[in-house]
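Chain Z: place on chain E using the hints.
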Amino acid sequence: MKFGILVNEGPYQHQASDSAYLFAKAALAKGHEIFRVFFYHDGVNNASRLTVPPADDRHIVNRWAALADEHKLDMVVCIAAAQRRGMMDDNESKRQGKDADNIHPSFRISGLGQLVEAGIQCDRLVVFGD
Amino acid sequence: MSEEMDMEEGGTIKKFMFVNRKAPYGTIYALESLEVVLISAAFEQDVSLAFVDDGVYQLMKGINTDGIEMKSFAKTYRALEGYDIEKLYVDRESMEARGISEDDLIVDVQVVSAAEMADLMNEQDVVLSF
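Residue numbers (the numbering used here), protein chains in the order written: chain E, 106 to 235; chain Z, 26 to 155.
These are calculated hints, taken from the structure and not from any lab test. Any given hint could turn out to be false.
[To be verified] The list that follows gives simulated cross-link-like pairs (lysine-lysine, DSS-like), each with its CA atoms no further than 27 Å apart:
no., chain 1, residue 1, chain 2, residue 2
1, E, 107, E, 130
2, E, 177, E, 135
3, Z, 100, Z, 112
4, E, 107, Z, 39
5, E, 107, Z, 100
6, Z, 112, Z, 47
7, E, 203, E, 107
8, E, 203, Z, 96
9, Z, 96, Z, 47
[As the list claims (entries may be wrong)] A short, non-exhaustive set of chain Z residues, derived as facing chain E with CB atoms under 10 Å:
no., residue
10, 37
11, 38
12, 41
13, 53
14, 54
15, 60
16, 91
17, 97
18, 112
19, 135
20, 140
21, 145
22, 147
23, 151
24, 155
If you're wondering where the values come from, they're calculated on a predicted model, not measured in any experiment. Backbone N, C-alpha and C fix where the C-beta goes; we use that ideal spot for every residue, glycine too.
Looking at chain E on its own, in the form it has when it is part of the complex (with noise of 0.2 Å):
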């Protein structure tokens, strides 16, 4: 099957990020194809390339970037719901004129329309927030 999921909610404030990560780990582990995964609301923030957890806690932001990268999983942050969080890859933080960019690079930064796409591409659409 081929699942589109989003993340509404940031990282360790809430375990919506961890029960996504967890589903998307175990949809692929049984072969299920991962089309996008989706960040919006405060759920942005779980791309931040500067989070840093205790040393004993599991670091959100790299097990995401990990599966991704072993996966090749779309990672999409909502541009928009982004901007007014102060989160912003190098392209946009030399667009708005800022002096520095946080997201990781496992994630990319695009619009909404991302998102409907995934809701009219996958079989599946499993929404994680409050």
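Only chain Z this time, still in chain E's reference frame:
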């Protein structure tokens, strides 16, 4: 919408339902839900909106956000018709529990029972819950 429109899909039309469960201004869910709704309309999908629990407050007449320094987006619900989004369903029990009647709402809606809402959800291809 600030983001660029993504390419259109090859004629696939799916039934999308957006389930709005949160009050309009305590959190950003309602506003960011509307942003996806408008994008999905641009993709010419079969879109419906459901309002349940505190989500029914999103459609209240006479909302004034001056005192909380937030932009009111109530008029966006009135504009949905222009995007061919005319299927708005409101959960009867949620309205009654909050002392709200249809006359209190800024747009024409269909008031449905929980059982009817369940049937409507069951008919959908994609259900996004915010």
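Here's how the hints hold up against the structure:
Proposed proximity of residue 107(E) and residue 130(E) is supported: the alpha carbons are some 14 Å apart, at most 27 Å. Restraint check: the Cα-Cα separation between residue 177(E) and residue 135(E) comes to about 16 Å, which is no more than 27 Å; the hinted pair holds. For the suggested pair residue 100(Z) and residue 112(Z), the alpha carbons sit about 17 Å apart, so the restraint of at most 27 Å is met. At roughly 15 Å between alpha-carbon atoms, residue 107(E) and residue 39(Z) fall within 27 Å of each other, so this suggested pair holds.
With a C-alpha separation of about 37 Å, the suggested pairing of residue 107(E) with residue 100(Z) is violated against the 27 Å cut-off. Distance check on the hinted pair: residue 112(Z) and residue 47(Z) sit about 19 Å apart at the alpha-carbon level, within 27 Å; holds. Taking the CA atoms of residue 203(E) and residue 107(E), the gap is near 38 Å; set against the 27 Å cutoff, the hint is violated. At most 27 Å may separate the alpha-carbon atoms for a hinted pair to count; residue 203(E) and residue 96(Z) meet this at roughly 25 Å.
Restraint check for residue 96(Z) and residue 47(Z): satisfied, since their Cα atoms lie roughly 17 Å apart, inside the 27 Å limit. Among the interface hints, the one on residue 37(Z) holds; its C-beta lies about 5 Å from the nearest C-beta in chain E, closer than the 10 Å criterion. Checking residue 38(Z) against chain E: minimum C-beta separation of about 8 Å stays under 10 Å; hint holds. For the restraint placing residue 41(Z) at the interface with chain E, the shortest Cβ-Cβ distance is roughly 6 Å, inside the 10 Å limit, so the hint holds.
Look at residue 53(Z): its Cβ gets to within about 7 Å of chain E, closer than 10 Å, so that hint holds up. Because the beta carbon of residue 54(Z) sits about 7 Å from the nearest beta carbon in chain E, less than 10 Å, this interface hint is met. Interface restraint check: residue 60(Z) against chain E, minimum CB-CB distance 6 Å, threshold 10 Å, status holds. Checking residue 91(Z) against chain E: minimum C-beta separation of about 21 Å lies over 10 Å; hint violated.
At a threshold of 10 Å, the smallest CB-CB gap from residue 97(Z) to chain E is about 17 Å, leaving the interface hint violated. Taking 10 Å as the C-beta cut-off, the interface hint given for residue 112(Z) is violated, the closest approach to chain E being about 16 Å. Among the interface hints, the one on residue 135(Z) is violated; its C-beta lies about 23 Å from the nearest C-beta in chain E, farther than the 10 Å criterion. A hinted interface residue such as residue 140(Z) counts as satisfied when its beta carbon comes closer than 10 Å to some beta carbon of chain E; here the least separation is about 22 Å, so the hint is violated.
Because the smallest distance between the Cβ of residue 145(Z) and any Cβ of chain E comes to about 17 Å, over 10 Å, the interface hint for this residue is violated. About 14 Å separates the beta-carbon of residue 147(Z) from the nearest beta-carbon of chain E, more than 10 Å, and the hint is not met. A least Cβ separation of about 4 Å between residue 151(Z) and chain E falls short of the 10 Å threshold, and the interface hint therefore holds. A least Cβ separation of about 7 Å between residue 155(Z) and chain E falls short of the 10 Å threshold, and the interface hint therefore holds.
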